[in-house]
Amino acid sequence: MNHFVSTGDFTRADLTRLLESARSLRHRAPRTDLAGKSVGLVFFNPSLRTRVSMEIAVTSLGGHAVAMDVGANVWPMEWLEGLRMEGAAAEHVKDAANVLSKYCDAIAIRSFPDGKDWKEDRLDPVLRAFVKHAKVPVINMESALWHPLQALADILTVADEVKGDPAGHKITLTWCTHPKALPLAVPNSLALAATQFGMDLTIACPVEYELPEEVMSTLNANVKSGGGSVRVVHDQDAGVEGAEFVYAKSWGSLRTYGRASEGMRDRTRYRDWRVTEERMARTANGRFMHCLPIRRNVVADDAVIDSPTALVYTQAANRLVVQKAVLLKLLGNTK
Amino acid sequence: MNHFVSTGDFTRADLTRLLESARSLRHRAPRTDLAGKSVGLVFFNPSLRTRVSMEIAVTSLGGHAVAMDVGANVWPMEWLEGLRMEGAAAEHVKDAANVLSKYCDAIAIRSFPDGKDWKEDRLDPVLRAFVKHAKVPVINMESALWHPLQALADILTVADEVKGDPAGHKITLTWCTHPKALPLAVPNSLALAATQFGMDLTIACPVEYELPEEVMSTLNANVKSGGGSVRVVHDQDAGVEGAEFVYAKSWGSLRTYGRASEGMRDRTRYRDWRVTEERMARTANGRFMHCLPIRRNVVADDAVIDSPTALVYTQAANRLVVQKAVLLKLLGNTK
Amino acid sequence: MNHFVSTGDFTRADLTRLLESARSLRHRAPRTDLAGKSVGLVFFNPSLRTRVSMEIAVTSLGGHAVAMDVGANVWPMEWLEGLRMEGAAAEHVKDAANVLSKYCDAIAIRSFPDGKDWKEDRLDPVLRAFVKHAKVPVINMESALWHPLQALADILTVADEVKGDPAGHKITLTWCTHPKALPLAVPNSLALAATQFGMDLTIACPVEYELPEEVMSTLNANVKSGGGSVRVVHDQDAGVEGAEFVYAKSWGSLRTYGRASEGMRDRTRYRDWRVTEERMARTANGRFMHCLPIRRNVVADDAVIDSPTALVYTQAANRLVVQKAVLLKLLGNTK
Numbered sequence: 001m002n003h004f005v006s007t008g009d010f011t012r013a014d015l016t017r018l019l020e021s022a023r024s025l026r027h028r029a030p031r032t033d034l035a036g037k038s039v040g041l042v043f044f045n046p047s048l049r050t051r052v053s054m055e056i057a058v059t060s061l062g063g064h065a066v067a068m069d070v071g072a073n074v075w076p077m078e079w080l081e082g083l084r085m086e087g088a089a090a091e092h093v094k095d096a097a098n099v100l101s102k103y104c105d106a107i108a109i110r111s112f113p114d115g116k117d118w119k120e121d122r123l124d125p126v127l128r129a130f131v132k133h134a135k136v137p138v139i140n141m142e143s144a145l146w147h148p149l150q151a152l153a154d155i156l157t158v159a160d161e162v163k164g165d166p167a168g169h170k171i172t173l174t175w176c177t178h179p180k181a182l183p184l185a186v187p188n189s190l191a192l193a194a195t196q197f198g199m200d201l202t203i204a205c206p207v208e209y210e211l212p213e214e215v216m217s218t219l220n221a222n223v224k225s226g227g228g229s230v231r232v233v234h235d236q237d238a239g240v241e242g243a244e245f246v247y248a249k250s251w252g253s254l255r256t257y258g259r260a261s262e263g264m265r266d267r268t269r270y271r272d273w274r275v276t277e278e279r280m281a282r283t284a285n286g287r288f289m290h291c292l293p294i295r296r297n298v299v300a301d302d303a304v305i306d307s308p309t310a311l312v313y314t315q316a317a318n319r320l321v322v323q324k325a326v327l328l329k330l331l332g333n334t335k
Numbered sequence: 001m002n003h004f005v006s007t008g009d010f011t012r013a014d015l016t017r018l019l020e021s022a023r024s025l026r027h028r029a030p031r032t033d034l035a036g037k038s039v040g041l042v043f044f045n046p047s048l049r050t051r052v053s054m055e056i057a058v059t060s061l062g063g064h065a066v067a068m069d070v071g072a073n074v075w076p077m078e079w080l081e082g083l084r085m086e087g088a089a090a091e092h093v094k095d096a097a098n099v100l101s102k103y104c105d106a107i108a109i110r111s112f113p114d115g116k117d118w119k120e121d122r123l124d125p126v127l128r129a130f131v132k133h134a135k136v137p138v139i140n141m142e143s144a145l146w147h148p149l150q151a152l153a154d155i156l157t158v159a160d161e162v163k164g165d166p167a168g169h170k171i172t173l174t175w176c177t178h179p180k181a182l183p184l185a186v187p188n189s190l191a192l193a194a195t196q197f198g199m200d201l202t203i204a205c206p207v208e209y210e211l212p213e214e215v216m217s218t219l220n221a222n223v224k225s226g227g228g229s230v231r232v233v234h235d236q237d238a239g240v241e242g243a244e245f246v247y248a249k250s251w252g253s254l255r256t257y258g259r260a261s262e263g264m265r266d267r268t269r270y271r272d273w274r275v276t277e278e279r280m281a282r283t284a285n286g287r288f289m290h291c292l293p294i295r296r297n298v299v300a301d302d303a304v305i306d307s308p309t310a311l312v313y314t315q316a317a318n319r320l321v322v323q324k325a326v327l328l329k330l331l332g333n334t335k
Numbered sequence: 001m002n003h004f005v006s007t008g009d010f011t012r013a014d015l016t017r018l019l020e021s022a023r024s025l026r027h028r029a030p031r032t033d034l035a036g037k038s039v040g041l042v043f044f045n046p047s048l049r050t051r052v053s054m055e056i057a058v059t060s061l062g063g064h065a066v067a068m069d070v071g072a073n074v075w076p077m078e079w080l081e082g083l084r085m086e087g088a089a090a091e092h093v094k095d096a097a098n099v100l101s102k103y104c105d106a107i108a109i110r111s112f113p114d115g116k117d118w119k120e121d122r123l124d125p126v127l128r129a130f131v132k133h134a135k136v137p138v139i140n141m142e143s144a145l146w147h148p149l150q151a152l153a154d155i156l157t158v159a160d161e162v163k164g165d166p167a168g169h170k171i172t173l174t175w176c177t178h179p180k181a182l183p184l185a186v187p188n189s190l191a192l193a194a195t196q197f198g199m200d201l202t203i204a205c206p207v208e209y210e211l212p213e214e215v216m217s218t219l220n221a222n223v224k225s226g227g228g229s230v231r232v233v234h235d236q237d238a239g240v241e242g243a244e245f246v247y248a249k250s251w252g253s254l255r256t257y258g259r260a261s262e263g264m265r266d267r268t269r270y271r272d273w274r275v276t277e278e279r280m281a282r283t284a285n286g287r288f289m290h291c292l293p294i295r296r297n298v299v300a301d302d303a304v305i306d307s308p309t310a311l312v313y314t315q316a317a318n319r320l321v322v323q324k325a326v327l328l329k330l331l332g333n334t335k
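Note that the protein sequences, when read in sequence, are chains A, E and U. Under this note's numbering, residues 1 to 335 are what the first sequence spells out, in order. Under this note's numbering, residues 1 to 335 are what the second sequence spells out, in order. Under this note's numbering, residues 1 to 335 are what the third sequence spells out, in order.
No lab work stands behind these hints, which were simulated from the structure alone. Keep in mind that a hint or two might mislead.
[Stated by the list, open to error] Heads up, simulated SDA-like pairs for lysine to any residue below, C-alpha to C-alpha not over 25 Å straight-line:
(1) Lys102(A) - Thr16(U)
(2) Lys163(U) - Leu15(U)
(3) Lys132(U) - Asp301(E)
[What the hints assert, rightly or not] Here are a few chain E residues that face chain U, going by a calculated C-beta distance under 7 Å:
(4) Arg23
(5) Arg26
(6) Arg28
(7) Pro30
(8) Val52
(9) Glu55
(10) Thr59
(11) Val298
Don't be surprised by glycine CBs; every beta carbon is placed ideally from N, CA and C.
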């Protein structure tokens, strides 16, 4: 059995085959690969693209998706082990994972970080608890640390845009301001996948917003073994200079992790970290990317998001086919 | 591409063909017209009939429906353009409409009015934002202004009841009291459709509860061009006198729009605006209609709703077939 | 038309046939028995096993399930008749049941007790209102009084475990402590089904937690007519002595019904009513059972739940096949 937790669990060759499979699944003719199979979609957090594209991906392959909203229509859940469960959680992930394994052929999980203590969140505890206890493949629909389906869709978008190998192409992941301290899963996964594919990656962010050191180590190791480059720049203008792809995203600081008002004050100093037409003009006819949802005129200006250089809806469309490819890989041959 | 926003966008002949199609879809044999197609159902507000009958309508035609609850399992949304999005909304309707257009073959929207400012709500901003940005047909499942699927089901109910053309038959739309200031979509759409079909329409309501003047103008224009009649009466007893159909519905007053406690005080004066057996006795063996859900013994008495003259469950049943007809019209031939 | 409200409405022979049907439905090959049919799933309360296993049961038989969350994505509902509906409820169960009967071929209901007044809850008012007004079969997915699908799955688990007739086998239903006063549906239904199948049933509970007297009368009548035995023990150690099956469950006391803080104080005195390895050691190599979700280390220790003697995931798995059997019985031959 295989899980799909992070692109980091797969080689560039594996991922390239997934992208090829995704491209071949762009036609809409109904398939029956998953006939008689069910996929449980467990949402600890809201979602639009993920929910809709996962339901349609499963259905288009002939399977059946069952969505659950934890804490709303299904019981709130505990994930730490060994506790006396006297709090709000009525069910343990250990039990949910075992039970869903009896009903479903795969379990997909969306679980954002708790956002209080980085020491706990860095362990990706909810996703890891499902992986530990599930008896069927687990698919990560965005965890505390990783959003691999998004990253795969992003690389597919880049590869289609450069009409070939992403290796050696310049992408800048740029931090942007935001009213909230958002999770790090998207920047982690985008940076990881970019280096796995040998791209020249620039991370532009204020010094307090550098990615976790374990992620940075992995990026550097990827560059060493597979080519490409990675650099960190603390100036947004300099960061986007010459980029072929500008990937905007906000995320919370590890320095003020779990301290909301301090983080807010922090971000106020960086209110001008926003993708504008002026900044896009510094790029090499760069394309604008974002995973959505996006706070318009906060993270990036309408003029950028709505311009022909933006790839945001293509990225979203690619989620569907990438997910079909992942489902087919995990469940397609296991009749 | 066609949208389905209001019956007013279609001619009487168009609508008559839809009703004929709906009748032909009453058998329950599964169909495959929408095989491989998905319909996104975006709910900004609760629903029972609409949610269940839309899901079943799509499925019975071989398609796949994906329901979303905005602000619950999908992100809260902004619809005004050009704002700096620093509030509660994480996603803009512009982006949601574009993204859903990548996944779905049609997008159905339920979006009640905001209820604060009639000047804004009269523009039907959420539905219009979806229409503006969607790249696939948009279906109105009740907006601030219109509930065309309900109105079509209502006219089908009337036509079946009179065994022929609704033209010239007498229907009274009567306002009733209610603990809340409800939206105007149902009375607007019922009145519109009744005049589109040449019925003799009486609107009975307190003077403060007259329908919007732009709606009244349209009703009068319809009568002028297509026959039938429309009149407004400020006395419920007089209003139902001689009616063949009594359509009960509460709605909020434009005079106290957005001012809840004032509206409540207002309605207290009209607590006797309720459909009773005595009132039904004034009609010409009139049939009782309501779109449901209904506040029993507030809007109408149990004795009326539960009497054999009531058509309320037939109206609800007709929602299903009318929606199948609309889906077939919008999506059935576009393979 | 038949409803499925309680195992008590069926004979042992009926239920045995259902279990045989359930066993035959364990293979996962897709079926078409419910092609073109829809089942409405009305949830007044959260659920994981029930929601997921019902959706999959319906789908695996070729039908279509539509889930509704009352008070969230569908309107809050009133069930008492004759009221002036001026409160929170926008819709009456009478109308919901009639409308859903127009769309669906069966209606499944989950409705926990209100938990305020036992005199009202003992009448199982919400479920009974659906049964009264629905025009299609009603399936009880756990009401104030009964959880028959769980009980059937439990008996199937026992029967498979003893490889034959459950009659004469020893099962102890033991109350356990819990932070909340939980519903009585599971203990009622387990006890009822155990006596319907002629088991030797011990109910171990503090004196304040005895089951409702009408339930006890039925248990005694079952024993008289069908064999087996029932006894009540007010000591947990004595209760599990020699048991082949230990069924743990917490439930609220009828003595403090509706008085939360008093009930909490009450339960504090019984904090040691918990299934531990020591207690399991008193059994006759007893198997541990629970319907889930379970508060770990409150109701039972991890060491018990995670031991090879535990049948909890088998019980959950049996929910799916039992439900397929019930759906097939109610809807399979009615084309």
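Status of the hints after comparison with the structure:
Distance check on the hinted pair: Lys102(A) and Thr16(U) sit about 23 Å apart at the alpha-carbon level, within 25 Å; holds. Proximity of Lys163(U) to Leu15(U) is assessed by CA-CA distance (about 17 Å); at most 25 Å being required, the pair is judged to hold. With a C-alpha separation of about 19 Å, the suggested pairing of Lys132(U) with Asp301(E) holds against the 25 Å cut-off. At its closest, the beta carbon of Arg23(E) sits 15 Å from a beta carbon of chain U; the interface hint therefore is violated under the 7 Å criterion.
A least Cβ separation of about 11 Å between Arg26(E) and chain U goes past the 7 Å threshold, and the interface hint is therefore violated. Because the beta carbon of Arg28(E) sits about 5 Å from the nearest beta carbon in chain U, less than 7 Å, this interface hint is met. Given hint, Pro30(E) at the interface with chain U, holds; its Cβ is 4 Å from that chain's nearest Cβ, closer than 7 Å. At its closest, the beta carbon of Val52(E) sits 5 Å from a beta carbon of chain U; the interface hint therefore holds under the 7 Å criterion.
The criterion of a C-beta within 7 Å of any C-beta in chain U is met by Glu55(E), whose closest approach is roughly 5 Å, and the hint holds. For Thr59(E), the suggested interface contact is upheld, since its CB lies about 5 Å from the closest CB of chain U, less than 7 Å. Satisfaction of the interface hint for Val298(E) is found here, the shortest Cβ-Cβ separation to chain U being roughly 6 Å, below the 7 Å cut-off.
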